[in-house]
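Chemist: Sequence:
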Amino acid sequence: MMNKSTQTREKILRKGFEYASSFGLLSVTIGEIAKAALMSRTGVISHFANKEDMQIAILKYTEQMFVESVLKRAYCQDPIDNLHNLKVIWLNWATSLNRQHKTSCPFIKAAIEYKDRDAGLIKAYMQDQQQRLLSYLSDLVERCKACGDFKQSTDSELFAYEFYSLYLGHSIQKNLLESKQAEQRFYLLIEQLISRHLSVAK
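In terms of our numbering, the sequence shown opens at residue 659 and continues consecutively.
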């Protein structure tokens with residue numbers, strides 16, 4: 659059972675995740691999170707060294723949420739089924755956890771915000787997080803190859819790049835251009851991507 663301090667920190671991080679999903683990580687300030695959590699600024703900052711420390715903690719919390727609500731839920735022993743599960747569960751994952759405001763993936767928001775910024779702790783964390791995600795996708799493709807579902811000639815890193823690029827494209831189509839066909843097109847293109855790499859024996 660969490661003690662009061664841990665519960666309070668968890669509440670702050672949850673509000674930070676929700677705020678970053680709606681407005682971006684750059685908009686996350688001690689004042690805004692204090693308002694969202696119905697706390698004083700002093701109460702919020704007492705849990706962190708500074709604003710940057712709080713933002714990194716929010717990113718770590720968000721990654722933990724992503725692993726629990728997407729990767730673990732999508733996992734199954736059959737790698738092809740795992741891939742199909744991921745296709746569905748990953749889409750709009752942040753929205754499913756925060757229906758109070760218009761939201762989109764906080765990692766995409768942060769990647770866009772920090773891609774042209776000078777090196778720093780937040781940018782370094784985002785680079786590591788994105789690499790972990792691509793590595794996860796590559797490993798999943800290797801599982802598909804090991805089980806004979808995918809051709810041995812399939813480039814796992816290239817597949818991961820294509821899969822993630824389609825997810826990024828969907829996010830822009832849905833959230834910026836408000837395309838009503840974004841979800842359907844995403845599923846279609848992912849299915850086409852998977853089909854191109856299926857082993858002939860399958």
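It is worth saying that the hints were derived from the structure and are not from the lab.
Heads up, a few of these hints could be off.
As the list claims (entries may be wrong) - Here are the simulated DSSO-like cross-link-like pairs (lysine-lysine), alpha carbons at most 30 Å apart as the crow flies: (1) LYS693 with LYS709; (2) LYS809 with LYS773; (3) LYS730 with LYS773; (4) LYS760 with LYS809; (5) LYS773 with LYS760; (6) LYS803 with LYS709; (7) LYS781 with LYS669; (8) LYS809 with LYS838; (9) LYS745 with LYS693.
Chemist: Could you work out which of the previously given hints the structure breaks and list their numbers from low to high?
Modeler: 2, 4, 6, 8, 9
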